[in-house]
Amino acid sequence: MSEDKKVLDLEQRKQKIFCGGGTKAIEKQKAMGKLTARERIIALLDKDTFQEYDIFVKHDNIDFGMQDKDLPGDGVIIGTGTICGSPVAVFAQDFTVAGGSLGFMHARKITKIMDYALNMRIPLIGINDSGGARIQEGVNALAGYGEIFFRNTLSSGVIPQISVILGPCAGGAVYSPALTDFVFVVENISKMFITGPAVIKTVLGEEISDEELGGARVHAEQTGNAHFFAHSEDECFEQIRTLISMLPANNAQKAEKVAPAEPLPQYKIEDVVPADPAQPYDVRDVIKSIVDDSEFMEVMELFAANIVVGFARINGETVGFVANQPLVLAGVLDCDSSDKAARFIRFCDAFNIPIITLEDLPGYLPGIDQEHAGVIRHGAKMLYAYSESTVAKITIIMRKAYGGGYIAMGSRHLRSDFVFAWPQAEIAVMGAEGAANIIFRKEIMEAEDPKEMRRLKIQEYREKFANPYVAASKGYIDAVIAPAETRKFIVDALKVAASKYSGRPKKKHGLPPF
Amino acid sequence: MSEKNYEILATESGDFKTTFNKAYLKRKKWEPANPKHILSFMPGSVVEYRVKVGDKVKKGDCLMTFRAMKMNNNVLSPRDGVVKKIDAEVGANVPKDTLLIEFE
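Chains A and B, in that order, give the protein sequences. In this text, residue positions in the first sequence follow our numbering: the first is 1, and each later residue adds one. In this text, residue positions in the second sequence follow our numbering: the first is 1, and each later residue adds one.
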């Protein structure tokens with residue numbers, strides 16, 4: 001063959017593989033409202049940046065008639081590209097090829113790109129759309145999953161790892177996403193479960209649809225397995241691009257600084273928070289009144305909404321917010337909100353993202369169900385995460401900071417670098433009503449008018465302790481600031497903390513209460 | 001959001017106006033365990049009862065063979081007592097915490 005013919009031959013070979021599972025399978029994929037694996041990668045990455053590797057990889061299984069089966073790319077596409085100019089590694093399972101089933105070579109392509117990502121210190125994005133293990137390959141398929149899990153763990157905290165669930169992801173396959181940092185799901189498309197509806201029906205006789213069992217909404221709202229929920233694949237890719245643009249490529253870098261911008265004028269911090277500590281408000285409006293362009297990328301928006309976590313920029317620098325949400329469950333801490341915050345704090349710490357805590361909570365959620373669900377060990381995760389983290393930590397006490405909640409929410413005692421309180425902050429062991437009832441129980445009981453005495457004692461306690469000045473007198477908070485000064489204090493603190501050093505005792509690893 | 005939509009959450013630090021999320025509304029109400037009830041400890045099915053209504057059993061006696069996750073388990077009586085009622089049919093798949101036997 002001449003040179004030209006060889007190039008033509010290459011093109012023909014490639015075109016054949018680009019057809020994936022063939023027209024019929026692609027039609028089926030489209031009928032489910034899904035893009036093909038290659039289309040997904042193209043939609044996700046910057047235009048014309050995708051470089052595909054291992055196009056010609058073939059499986060070598062000869063059992064159960066597999067020797068006659070040609071599976072283009074072995075059902076998975078891998079390669080590199082850029083998002084907003086930053087390099088990323090990506091794989092996408094191709095459901096049109098043998099249902100995206102994972103065999104030995106399929107897994108080897110995935111682990112190859114995972115190794116690339118780790119060695120190049122660039123983020124990894126995995127698009128999952130697979131019926132599960134390729135049963136014909138037996139234990140080789142299982143080995144493949146194990147090799148993936150091991151690499152997820154090895155890369156954890158070194159490069160950001162993102163999982164996108166765009167189809168079924170069942171059985172062992174779900175544990176790779178679960179080991180990664182952020183899981184993206186799309187309504188009506190994503191399905192995740194360990195044992196599917198068929199098994200549950202056989203074993204238990206209970207009927208449930210795959211959407212009800214492990215659909216996008218279930219994982220975004222109920223289980224906490226998913227971090228981002230979208231209504232379409234396009235919206236999902238846009239979310240991923242925004243997230244990637246705010247993160248560093250690896251744990252040795254800081255997120256790229258962009259041009260600073262002021263918050264939008266319609267967000268006025270002093271108008272958001274009501275004076276009465278029993279009145280709710282949306283803490284996201286406080287965040288928007290502080291951050292550049294009032295843009296906030298919320299993580300796990302639908303799960304444990306009593307705490308708000310997410311990314312924004314301040315003065316051009318990426319920061320992570322952890323904020324009590326008085327609008328939901330009065331912003332209390334409980335099992336789910338502690339887990340959510342702890343995980344987010346650890347991500348920020350691993351990737352050099354300063355943590356800003358906005359505090360306004362009455363304490364922990366009282367309840368038998370909470371105690372029995374292990375609120376002690378779940379709550380401890382958050383204490384651990386705050387104490388362990390060495391990035392710059394800035395805490396703003398806005399209103400209520402009572403009891404255990406005061407300690408947990410990035411207090412000075414857990415080594416926040418800067419703790420600021422607003423003048424209306426109430427830093428006390430509990431709310432004035434509860435405290436007065438205990439301290440002055442006898443006086444109230446014995447008074448001629450117990451109701452009036454109670455009112456007076458609540459007022460006395462409130463005047464004495466329900467303010468930031470007792471804590472300020474001990475140096476537990478660094479400054480009492482007007483709400484309108486909040487952004488300026490944070491900007492200045494971030495500048496000071498840019499060269500923060502934090503030595504810690506040497507150990508193999510700590511033992512957080514997993 | 002208008003004022004009337006708020007719920008009141010009672011905490012030890014006082015009452016607060018707020019909204020409730022799904023998880024909170026769906027939380028399970030605690031009930032004390034009934035010592036006279038034998039419940040399924042896992043989803044599965046009764047293979048065979050070793051007792052019948054009216055039998056006097058001693059703590060440690062085998063009440064039934066219960067099959068769960070492809071394993072046969074002997075379910076031993078946690079107490080002395082008289083079997084009052086057998087609730088689950090042999091062979092029927094039952095979820096976790098289903099009433100199997102009641103004592104008098």
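Take these hints with a grain of salt, some might be off.
Said to hold, decoys possible - Straight-line alpha carbon distances no greater than 35 Å define the calculated DSBU-like cross-link-like pairs of lysine-lysine that follow:
#1 Lys58(A) to Lys254(A)
#2 Lys52(B) to Lys506(A)
#3 Lys288(A) to Lys96(B)
#4 Lys84(B) to Lys52(B)
#5 Lys85(B) to Lys201(A)
#6 Lys17(B) to Lys288(A)
#7 Lys288(A) to Lys26(B)
#8 Lys201(A) to Lys254(A)
#9 Lys495(A) to Lys508(A)
#10 Lys507(A) to Lys288(A)
#11 Lys96(B) to Lys201(A)
#12 Lys22(B) to Lys30(A)
#13 Lys474(A) to Lys36(B)
#14 Lys36(B) to Lys17(B)
#15 Lys30(A) to Lys268(A)
#16 Lys507(A) to Lys495(A)
#17 Lys442(A) to Lys70(B)
#18 Lys59(B) to Lys22(B)
#19 Lys268(A) to Lys28(B)
#20 Lys36(B) to Lys52(B)
#21 Lys85(B) to Lys28(B)
#22 Lys508(A) to Lys488(A)
#23 Lys451(A) to Lys29(B)
#24 Lys508(A) to Lys254(A)
#25 Lys30(A) to Lys28(B)
#26 Lys85(B) to Lys58(B)
#27 Lys464(A) to Lys17(B)
#28 Lys47(A) to Lys268(A)
#29 Lys17(B) to Lys201(A)
#30 Lys201(A) to Lys36(B)
#31 Lys201(A) to Lys84(B)
#32 Lys451(A) to Lys17(B)
#33 Lys84(B) to Lys508(A)
#34 Lys52(B) to Lys96(B)
#35 Lys58(A) to Lys69(A)
#36 Lys47(A) to Lys58(A)
#37 Lys22(B) to Lys474(A)
#38 Lys96(B) to Lys268(A)
#39 Lys17(B) to Lys488(A)
#40 Lys26(B) to Lys201(A)
Note that these hints are calculated values from the structure, not bench results. It should be emphasised that the depicted structure is a prediction, and the values quoted were computed from it without experimental measurement.
Is Lys36(B) close enough to Lys17(B), meaning Cα to Cα at most 35 Å?
violated (42 Å)
Satisfaction of hint between Lys506(A) and Lys52(B), Cα-Cα up to 35 Å:
Cα-Cα ~63 Å, so violated.
Pair hint outcome, Lys36(B) versus Lys52(B) [Cα-Cα no greater than 35 Å]
holds (15 Å)
Given the hint that Lys201(A) pairs with Lys36(B), does the C-alpha gap stay at or below 35 Å?
Between Lys201(A) and Lys36(B) the Cα gap is close to 30 Å, so the pair holds against 35 Å.
Restraint check for Lys507(A) with Lys288(A), where alpha carbons must lie at most 35 Å apart:
violated (39 Å)
Does Lys85(B) pair with Lys201(A) here, judged by a C-alpha cut-off of 35 Å?
Holds, at about 28 Å.
Within a Cα-Cα threshold of 35 Å, do Lys84(B) and Lys508(A) meet the stated pairing?
Roughly 58 Å between the alpha carbons, so the hint for Lys84(B) and Lys508(A) is violated.
Please work out if Lys85(B) and Lys28(B) have their alpha carbons no farther apart than 35 Å.
Distance ~27 Å between Lys85(B) and Lys28(B) Cα, so the pair holds.
CA of Lys58(A) to CA of Lys254(A), is that 35 Å or under?
Status violated; Cα separation ~40 Å.
Below or equal to 35 Å on CA atoms is what counts here, so check Lys84(B) against Lys52(B).
Distance ~9 Å between Lys84(B) and Lys52(B) Cα, so the pair holds.
So if I understand the rule, the pair passes when the alpha-carbon distance is 35 Å or less; does Lys201(A) with Lys84(B) pass?
Holds, at roughly 31 Å.
Measure nothing beyond the straight line between the CA atoms of Lys26(B) and Lys201(A); if it is 35 Å or shorter, mark the hint as holding.
Given that 35 Å is the threshold and the Cα spacing comes to 24 Å, the pair holds.
Hint compliance for this structure: hints 1, 2, 3, 8, 10, 13, 14, 15, 17, 18, 19, 22, 25, 28, 29, 33, 37 and 38 are broken, all remaining hints hold.
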